[in-house]
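Enquirer: Here's the letter readout for the chains.
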Amino acid sequence: MIKLRVTDVKQYIYCPRIIYFTYVCPVEKKITRKMEYGKEEHLELDRLEKRRTFKRYSLSEGERRFHQYLRSERLGLEGKLDMHIVSEGEYFPVEFKHTRKGPSLNHKYQLVSYAMLLEDYYNKPVRYGFLYIIPEKTPYPIQITPNARIFVKDVLEKIREIILKERIPRPNQHKGRCTDCEYRNYCGDVS
Amino acid sequence: MYFLTDEERKQLLKSYLPKSRQMDIADELRGWNWNQPPLEPVYDIKLALYEIANSYCPTNRDLFLRRIDGVKARPNAAMLRGKLLHQVLVDVLVRAKKLIYLHGVGNYQEFLQEHKIPFKTNFERYRSQLSEEEFSSLARDAEILANFETSRIVARIQEILIKQPYIAEDSLVSLAIPVVVEQKLDGSFLGLSQNLSADAFTFSEPMIIDLKFGEPKKFHRLTTTGYALVMEAIHEFPVNLGCLVYAEFKNGRLSVKKDIHIIDDELRQWFIEERDEKMRMIYEEIDPGIAQNCYDTCPYYRNCLG
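Sequence lines, in order, name chains A and B.
For the first sequence, UniProt numbering assigns the number 1 to the initial residue and increments by one for each residue that follows.
For the second sequence, UniProt numbering assigns the number 1 to the initial residue and increments by one for each residue that follows.
With the rest of the complex left out, here is chain A:
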């Protein structure tokens, strides 16, 4: 089984062509200022989170664990989770996102993937996770539903299919996404 990373799930949902440019036809990508800025904000947030209570997660108490590396042989998936909370025997993955648009679908399934990895790590089911939107300082609860788990497994299968068949996926319908894309120069049929 081809080993994949959780970010691949996020990227596939954003645009399947990113998978092609990452695994099948690797090209040099440009690190954008937005990505650098995101990293800096993450570090600051780590520092602040350590001192905060769990009120904004609607939890009375708990323990924060940062940057846990997670891996599942069963899923053929690995990744490093921003943070997770252990509270009263339950586990809640938290992903920090720097976006002005609120949680998006690619973030949601990234979180679901981490939840699935966390389940394998602790051998316990995960019911909820949080997408922490940095500019809003708000954690959005995301329910980890059976359908969302199936969806992630389907996405993993589709990613592996792109890699195995070495076939370039169709261009993305969301033309707005191409504007900021680091692979824009390599997408010949996207104007």
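Just to be clear, a hint being listed does not mean it is correct.
To be verified - 30 Å max Cα-Cα, derived DSBU-like pairs, lysine-lysine:
| # | chain 1 | residue 1 | chain 2 | residue 2 |
| --- | --- | --- | --- | --- |
| 1 | A | Lys55 | B | Lys19 |
| 2 | B | Lys98 | B | Lys120 |
| 3 | B | Lys218 | A | Lys153 |
| 4 | A | Lys124 | B | Lys98 |
| 5 | B | Lys250 | B | Lys19 |
| 6 | A | Lys55 | B | Lys14 |
| 7 | B | Lys257 | A | Lys153 |
| 8 | A | Lys158 | B | Lys218 |
| 9 | B | Lys258 | B | Lys97 |
| 10 | B | Lys217 | A | Lys153 |
| 11 | B | Lys217 | A | Lys158 |
| 12 | B | Lys258 | B | Lys212 |
| 13 | A | Lys137 | B | Lys19 |
| 14 | B | Lys10 | A | Lys124 |
| 15 | B | Lys218 | B | Lys72 |
| 16 | A | Lys158 | B | Lys46 |
| 17 | B | Lys19 | A | Lys153 |
Claimed, not checked - Some chain B residues close to chain A (C-beta under 10 Å, calculated; not the full set):
| # | residue |
| --- | --- |
| 18 | Gln22 |
| 19 | Ile260 |
| 20 | Met281 |
What the hints assert, rightly or not - Just a sample of chain B residues kept apart from chain A, beta carbon distances all over 10 Å, derived:
| # | residue |
| --- | --- |
| 21 | His115 |
| 22 | Tyr126 |
| 23 | Ser197 |
| 24 | Glu285 |
Worth flagging that the hints you see were computed from the coordinates, not collected in a lab.
Glycine residues also receive a C-beta, built at the ideal position from the N, C-alpha and C atoms.
Once you've looked at the hints, dock chain B against the given chain A.
Expert: Just chain B now, with coordinates in the frame of chain A:
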């Protein structure tokens, strides 16, 4: 068939309804955003909703044959049976509504008398398309179905009448039979036919209901999802729930199971993906090839395998 049991109602009120209201559906997947990706249709083709939702053929070659090669296959016995039993249910429900309006609440005894007259649907013109055994089984099951639904409606009406002494016809109809059957919908915003017809729709809490007489399949939920998206596109209110009603006849008895489900992000994405793939197949005239595991009652069996 469309009325919930006490347990189903409890499930709906305590579980599905609060969950569906809490759950954040991505706005881009709401039907009212049909004018932008991913809902905006890529191709200028109109498909029937069943053409997107049905995946009985593993490669969808049935759709290719129908739309590109123009093959008109005769429906198989199961399809015909489903169609006719659907019609029986529609006839019973519509007849009940008509009789309430006709006789009024004051003459409800007359309504009850007339409503109890066994309902007979004339299937004679379909006799030649079914074997003798299939035909008699269909007639028997249609009678069971009609009797069941008729007595259920009578019970519901009587229950309302003992509680509401001042009720008038219109209110009685909406309380006793709170479903619209064969709701016509224009799906053109989403690249679907403008003559869609949902089996049933409840309006107290928007819920799409679809009746099935065959084995449950995962893709059946695509039907309710498609109608939910269309309703959202037309009326701009959220439709979060679907319900598949599976009816089965065993030893002269009707058994009904319901699959109530939340029309979540995943189902919506699945529907859109199916739509886009099937539209592309037709637009580009891509023959998807013959499936490896065809079912022998497929109406296109001969076209594919000779």
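Enquirer: Hints first: check each against the structure and report whether it holds.
Expert: To see whether the hints hold, each was checked on the structure:
1. For the suggested pair lysine 55 of chain A and lysine 19 of chain B, the alpha carbons sit about 22 Å apart, so the restraint of at most 30 Å is met.
2. A threshold of 30 Å between alpha carbons decides the hint, and for lysine 98 of chain B with lysine 120 of chain B the separation of about 16 Å falls inside it, so the pair holds.
3. The straight-line distance between the Cα atoms of lysine 218 of chain B and lysine 153 of chain A is roughly 16 Å, inside the 30 Å bound, and the hint therefore holds.
4. For the suggested pair lysine 124 of chain A and lysine 98 of chain B, the alpha carbons sit about 56 Å apart, so the restraint of at most 30 Å is broken.
5. For the given pair, lysine 250 of chain B sits about 34 Å from lysine 19 of chain B by alpha-carbon distance, which is inconsistent with the 30 Å threshold.
6. Only pairs whose Cα atoms come within 30 Å are accepted, and lysine 55 of chain A paired with lysine 14 of chain B is accepted, the gap being roughly 26 Å.
7. This hinted pair checks out: lysine 257 of chain B and lysine 153 of chain A have alpha carbons roughly 28 Å apart, not beyond 30 Å.
8. Between lysine 158 of chain A and lysine 218 of chain B the alpha-carbon distance is near 19 Å, which keeps this suggested pair within the 30 Å criterion.
9. For the given pair, lysine 258 of chain B sits about 24 Å from lysine 97 of chain B by alpha-carbon distance, which is consistent with the 30 Å threshold.
10. Restraint check: the Cα-Cα separation between lysine 217 of chain B and lysine 153 of chain A comes to about 19 Å, which is no more than 30 Å; the hinted pair holds.
11. A distance of roughly 22 Å separates the Cα atoms of lysine 217 of chain B and lysine 158 of chain A; the hinted pair therefore holds under the 30 Å criterion.
12. Among the hinted pairs, lysine 258 of chain B with lysine 212 of chain B is consistent with the structure: their alpha-carbon atoms are about 10 Å apart, no more than 30 Å.
13. Between lysine 137 of chain A and lysine 19 of chain B, the direct Cα distance comes to roughly 25 Å. Compliance with the 30 Å bound is thereby established for this hinted pair.
14. At most 30 Å may separate the alpha-carbon atoms for a hinted pair to count; lysine 10 of chain B and lysine 124 of chain A meet this at roughly 29 Å.
15. With a C-alpha separation of about 26 Å, the suggested pairing of lysine 218 of chain B with lysine 72 of chain B holds against the 30 Å cut-off.
16. Among the hinted pairs, lysine 158 of chain A with lysine 46 of chain B is consistent with the structure: their alpha-carbon atoms are about 27 Å apart, no more than 30 Å.
17. Annotation: proposed proximity of lysine 19 of chain B to lysine 153 of chain A holds, straight-line Cα distance about 23 Å (limit 30 Å).
18. Given hint, glutamine 22 of chain B at the interface with chain A, holds; its Cβ is 8 Å from that chain's nearest Cβ, closer than 10 Å.
19. With 10 Å as the threshold, the beta carbon of isoleucine 260 of chain B stays out of range of chain A, its nearest partner Cβ sitting at about 14 Å, so the hint is violated.
20. For methionine 281 of chain B, the shortest C-beta to C-beta distance to chain A is roughly 13 Å, which exceeds 10 Å, and the interface hint is violated.
21. At roughly 41 Å from the closest C-beta of chain A, the C-beta of histidine 115 of chain B stays outside 10 Å, upholding its exclusion from the interface.
22. Chain A leaves tyrosine 126 of chain B outside its interface by the beta-carbon criterion, the shortest separation being 38 Å against a cut-off of 10 Å.
23. The beta carbon of serine 197 of chain B sits about 27 Å from the closest Cβ of chain A, which is more than 10 Å, so the claim that it is off the interface holds.
24. With 10 Å as the threshold on Cβ separation, the claim that glutamate 285 of chain B sits away from chain A holds: the shortest Cβ distance comes to roughly 17 Å.
Hint compliance for this structure: hints 4, 5, 19 and 20 are not met, and every other hint is.
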